Amino acid sequence: MTSSTFNTGKIFNWRLQLTSRGQPLRLLNLLALPATGVLVFLLLWTVGARNIDTSLGKFPGPVAVWEQFGALYSEHQRSRDKEAAFYERQRERNARRLAEDPDYEAKIRDYTGKETFIDQIGTSLVTVMSGFLLAALIAIPLGIAIGLSPALNAACNPIIQVFKPVSPLAWLPLVTMVVSAVYATPDPIIAKSFINSMITVTLCCLWPMVINTAVGVASVDRDLLNVSKVLRLPALEHVRRIVLPASVPMIFTGMRLSLGVAWMVLIAAEMLAQNPGLGKFVWDEFQNGSSDSLARIMAAVVVIGFIGFLLDRSMLQLQRFFSWDKDTATH
Amino acid sequence: MRWKKPFGTLAGAAIFLSGLLSGTATAEAVELGYPEKEELTFGFIKLTDMAPIAIAYEKGFFEDEGLYVTIEAQANWKVLLDGVIDGRLDGAHMLAGQPIAATMGFGTQAEIITPFSMDLNGNGITVSNTIWEQMKPHIPKREDGLPARPIKADALKPVVEQYQAEGKPFNMGMVFPVSTHNYELRYWLAAGGIHPGFYAPHKGDISGQIDADALLSVTPPPQMPATLESGTIYGYCVGEPWNQQAVFKGIGVPVVTDYEIWKDNPEKVFGITKKFAEQYPNTTIRLTRALIRAAMWLDENNNANRPEAVKILSQSHYVGADREVIANSMTGTFEYEKGDKRPVPDFNVFFRYNATYPYYSDAIWYLTQMRRWGQIPEDKSDEWYKNLAKRVYRPDIYEAAARSLITEGLAKAEQFPDFDAEDGFRAPQTHFIDGIVYNGREPNAYIDKFPIGLKSGEKL
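Chains as they are written, first to last, in the working numbering: chain A, 2 to 332; chain B, 1308 to 1767.
Incorrect hints may appear among the rest.
To be verified - Partial selection, computed: residues in chain B whose CB lies under 7 Å from chain A:
hint	residue
1	I1558
2	D1629
3	G1742
4	V1744
What the hints assert, rightly or not - Pair by pair, the computed Cβ-Cβ distance ranges are:
hint	chain 1	residue 1	chain 2	residue 2	range
5	A	A155	B	E1343	34 to 40 Å
6	B	T1415	A	G306	39 to 45 Å
7	A	Y105	B	R1748	22 to 28 Å
8	A	R51	B	F1739	46 to 52 Å
9	A	A86	B	E1345	48 to 54 Å
10	B	K1582	A	R98	22 to 28 Å
11	B	K1645	A	V303	46 to 52 Å
12	B	E1644	A	G306	39 to 45 Å
13	B	K1510	A	N52	50 to 56 Å
Said to hold, decoys possible - The list that follows gives simulated cross-link-like pairs (lysine-lysine, DSS-like), each with its CA atoms no further than 30 Å apart:
hint	chain 1	residue 1	chain 2	residue 2
14	A	K115	B	K1344
15	B	K1581	A	K193
16	A	K193	B	K1344
17	A	K115	B	K1648
18	A	K115	B	K1556
19	B	K1556	B	K1693
Rather than coming from a laboratory, the hints here were simulated on the basis of the structure.
Quick caveat: nothing in here was measured; it's all calculated off a predicted structure.
For each residue, glycine too, the CB sits at the ideal point set by N, CA and C.
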């Protein structure tokens, strides 16, 4: 099993080799060409945006989106000031009440104001990482077991193949109902909405990891397996010393694919289930239908893309760090 | 204000009694205790009439009561109602019909009550530009060439007939089966001779399109303009700012406001579960106090605070529409067509005319419309209507909240109905577009007055 990331990596390498005869060319490749690409894109965007009329006004160009970044940031600042005032008022109120009513258990409640754009980014990141880690905890052991045992592989294969292509939006209503039924505490420590998004993310990013791990484990070099047999390694030791190190590159390929899926799924899930996060931000702005809405949505799109890119890059770094097979860990 | 323990625990019982006992004796007896539940989450739909909740939060009225409230926008009315029923939300901005229908068991069954009516008026019916052009020849004109208002559905009837002749369904949007908008749209259509269709829940038909000339279906309020623009529906009835939004976007024309269909009609309510009110009596009274103060603030000094309210509502986590769109209706005008802006000072009423007092007769009007269109499939006695209204509408809680505000000098007695004399029924109301008089004391007699709709004894 190979993934599309390998192919693009190879093409890129090939291109690098073609132009790497001189330093200036390499510099051109690294800086000038991407910069040109971005500039052309911005230009096309600006021109295109001017020609698209929506019922909410013109489609936002780069300048409008940039302004919204500023507006979103100052909203965040204002909200922080309000938050400070909120805590101040609360402390005063608690003190007043304690003076009247000494039995009162004064406590400081969390700020009740709305999450700002920057808070929403944080929420989304925490959710996606929790869902992803939960999936990894399930998928990697499962993948190893499937990879080691052809019988288990044959048994699990149909289920994996059927569930793999399922969209998060199909899972979401089921997850929501089950979570409401099972997780029925009056005063939950972790918000239900968080659990809904997290489980949906987990369900969707489980499969690439299971498959890649299983393939990695199944395709461990015969020689290595023979070494293990000769040394008569016990089962656990066999996994630890031979199987895991040998399949690390594939496991990480699976994890990288999964994290990409997880991020996409999360935005959709937040949008549909109104769970806090960037997806909800986009949906709320769409519902508002103000003249700034499109620019704000576009700002969110840029941020979502940028975070997705950063997540992918950090997985790549991890992959490089852990992997002995540097060939699989290209761009 | 010193808190005395026995009074705190007795507050609930005392309030219950205040409905039974008469007069001033109970007024001073209750000293309001601290709230039992301090952290609350309230839901709302992005509509300008959610203003009392936003104002109570922003102006610190909730905090004054020791309540720490989180306000969350909800995707649609069903999600909102389910949230209140399953406890995810402690209370919410609701359609007047929702607590009534829930208590009755039409849709999800749950005992929901309302101690506070949120506003009067505030809705409009908008049609697409195409339909407007087709309606125009049938609308009488004023001397200056602008259409004479109110526009009746008589002008729409020939258009609907033409669509029917061509075999095309005439689709319109409203926001929820038990929404004010559904009943207002139906009222307006039926007053013009267009049949909006019956419900038959006992036969499993809850589409409300039996015998219909115009087919009504549900669309969430913020999506109305987009759905109209895409051509899925030809018109809709919705609250602000979604009618003004159609004008600003140039995609539709509001033909009539609900103020013209029924002057000063009760609109949204604040809904909580009966269980919540019983479990947290002080919290219930306190949140009602905060909402009353917010409503007073909104109507104070002849709407002087409205511009500030508009600024608050236009924030993206409340209504979020452009300021001028919200301002259009909130500050006493209504723009029907581009350039045809007319004064409607009472388009949004939050406090005056006793707007916040939960009148039984308001609940009964909704029940009569549910019966008229078959959501209540069989005959009910006048007593049944009154008893159900009394289960859902709770002027006793409102009275306790108002009286304590008066005692503390935060409000004046003359701002409220005379509680000692008030029986919860408004005097017969005359300002309907078809001239039919509504008397809440005689629901069955009222239902029989309509030319279109089920009458007593009739069953589908």
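Results for each hint:
{"no.": "1", "hint": "I1558", "in the structure": "holds, 6 Å"}
{"no.": "2", "hint": "D1629", "in the structure": "holds, 5 Å"}
{"no.": "3", "hint": "G1742", "in the structure": "violated, 37 Å"}
{"no.": "4", "hint": "V1744", "in the structure": "violated, 39 Å"}
{"no.": "5", "hint": "A:A155 to B:E1343: 34 to 40 Å", "in the structure": "violated, 59 Å"}
{"no.": "6", "hint": "B:T1415 to A:G306: 39 to 45 Å", "in the structure": "holds, 40 Å"}
{"no.": "7", "hint": "A:Y105 to B:R1748: 22 to 28 Å", "in the structure": "violated, 47 Å"}
{"no.": "8", "hint": "A:R51 to B:F1739: 46 to 52 Å", "in the structure": "holds, 50 Å"}
{"no.": "9", "hint": "A:A86 to B:E1345: 48 to 54 Å", "in the structure": "violated, 18 Å"}
{"no.": "10", "hint": "B:K1582 to A:R98: 22 to 28 Å", "in the structure": "holds, 26 Å"}
{"no.": "11", "hint": "B:K1645 to A:V303: 46 to 52 Å", "in the structure": "violated, 34 Å"}
{"no.": "12", "hint": "B:E1644 to A:G306: 39 to 45 Å", "in the structure": "holds, 41 Å"}
{"no.": "13", "hint": "B:K1510 to A:N52: 50 to 56 Å", "in the structure": "holds, 53 Å"}
{"no.": "14", "hint": "A:K115 to B:K1344", "in the structure": "holds, 21 Å"}
{"no.": "15", "hint": "B:K1581 to A:K193", "in the structure": "holds, 24 Å"}
{"no.": "16", "hint": "A:K193 to B:K1344", "in the structure": "holds, 20 Å"}
{"no.": "17", "hint": "A:K115 to B:K1648", "in the structure": "violated, 35 Å"}
{"no.": "18", "hint": "A:K115 to B:K1556", "in the structure": "holds, 28 Å"}
{"no.": "19", "hint": "B:K1556 to B:K1693", "in the structure": "violated, 44 Å"}
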